[in-house]
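Peer 1: Quick note, the sequences are listed as chains A and B, same order.
Under our numbering, the residues of the first sequence are numbered 1 to 278, in order.
Under our numbering, the residues of the second sequence are numbered 279 to 452, in order.
Simulated from the structure, these hints should not be mistaken for lab results.
It cannot be assumed that every hint is accurate.
What the hints assert, rightly or not - Only pairs whose alpha carbons sit at most 25 Å apart, straight line, appear in this in silico PhoX-like list of lysine-lysine:
1. A:K166 / A:K107
2. A:K174 / A:K45
3. B:K435 / A:K45
4. A:K45 / B:K394
5. A:K157 / A:K107
6. A:K226 / A:K166
Note that the coordinates shown come from a computational prediction; the quantities given were computed from them, not determined experimentally.
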Amino acid sequence: MRTINSDIIKQAVRDLFLSACRMPGDDALSAIRAAYQAETCPPSKEALRQLIENARVSDETGMPYCQDTGMAVVFVDVGQDVHVEGVLDAAINEGVREAYEQGYFRKSVRDPITGINTNDNTPAVIHYDIVEGDRISITAAPKGFGSENMSRIAMLKPGDGISGIKSFVVDCVKSAGGSPCPPVVLGVGIGGTFEKCALIAKKQLLREIGSLNSDTTLAVLEQSLKDEINALDIGVMGFGGSNYCLAVHIATYPTHIAGLPVAVNFQCHASRHAHITI
Amino acid sequence: MTELSTPLDINRIQKLCAGDSVALSGYAYTARDAAHARLFEMIRSNRALPITLKNSGIFYAGPCPDMPGRVINSCGPTTSSRMNAYAPLLYDMGISFVIGKGPVSDDVRDAIVRNKAVYFMAVGGAGALIASHITAAWDIAFPELGPEAIREVAFDKVPLIVAIDCRGSSVFAR
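Looking at chain A on its own, in the form it has when it is part of the complex:
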């Protein structure tokens, strides 16, 4: 049994959010640059040019790339041979609190009924997995709500099959249009239960943009959905063109014989995450 002090976890969470909230990942920035080279629709190309310029200004000034520094989503893999000294949940929330204060990040979290802002961007949304080993892996994934708001889940019927899944995903994109700050990444979950489906969709947003799915059937489905979506001519910010979607990432989980849950989680171009293993 290995002991890890919760102070170490707090500091790690703080440093992860200080880094993640400022700038999208290199994979996102490369994909934006590639989209700029490929785009031919003038307003979309201009928008992509501004995004590249935005990353430069953010880097030079320290201002966050996007003012929506998100709700703090944290994925924690806890090794079953780890003993945490202190309170893990409290340490993670304290790390989030310190990062949003020290980084001059926007505090965007409010009570859903009273509307009162918690003023420190807590509570975080924390997902724990118990895994083998004596380490703790933490991924910080601040999530903006322009894209989160466009996300949907459908409880399809088993008979709807692949074509039903595809038409639901495309329908989500058509109804979202330019609102989720395209170019986007789509995390798609297929199967499981209502909540499992949404969670595996969200976890797909952590994958390196454009990385090949190890399941060849899903890899084909990802490419075919991406092509279909980019042919809709919605484009960057809804301005038209062929670069609405940087990637479609799909995960599946076995499901009940009576159902076919499908979740689509939108990620804007500010695809931000940071990871550490302690």
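With chain A's structure known, arrange chain B on it following the hints.
Peer 2: Showing chain B alone in chain A's frame:
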């Protein structure tokens, strides 16, 4: 790139077409969900508003907290459709432009046409770039709303795209 200054002249507005790139200099008020709810409560109860609507502009934005050494921190547009319920009356009460992002309802488009106004879109997520085109910012109302407070900002050539022009043509139409 068309250069524009506030207050927007009606002749200049009439020359703008959906899809045009513009560089806007001048003033606008930041306001988003919570500030709009407050303004509408004041309008309903016939109280004086903290901002002048006639010929002014509203920027749907909630910036990051102020950073030392900067006029304003990251400050990009938020989704305009959430303000669909509010925008038509504000256009009718005299605002000549809104800066936001994404499509808006037919009611909003009709109000833009009726008032010979315009809807500009800033690039969503380009918060640092837009902040670098803001040269001054003043607190105006509802400071207790934090990022949702109303502030007045001064732009220097902020890059925008005409999303809906005064004839109702939209950059989102295909």
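Peer 1: So, for every hint listed, does it hold in this structure?
Peer 2: Verification of the supplied hints:
1. A:K166 / A:K107: This hinted pair is violated, its Cα atoms lying about 36 Å apart.
2. A:K174 / A:K45: Roughly 21 Å between the alpha carbons, so the hint for A:K174 and A:K45 holds.
3. B:K435 / A:K45: holds (19 Å)
4. A:K45 / B:K394: violated (28 Å)
5. A:K157 / A:K107: violated (40 Å)
6. A:K226 / A:K166: holds (10 Å)
Violated hints, in rising order: 1, 4, 5; the structure is consistent with all others.
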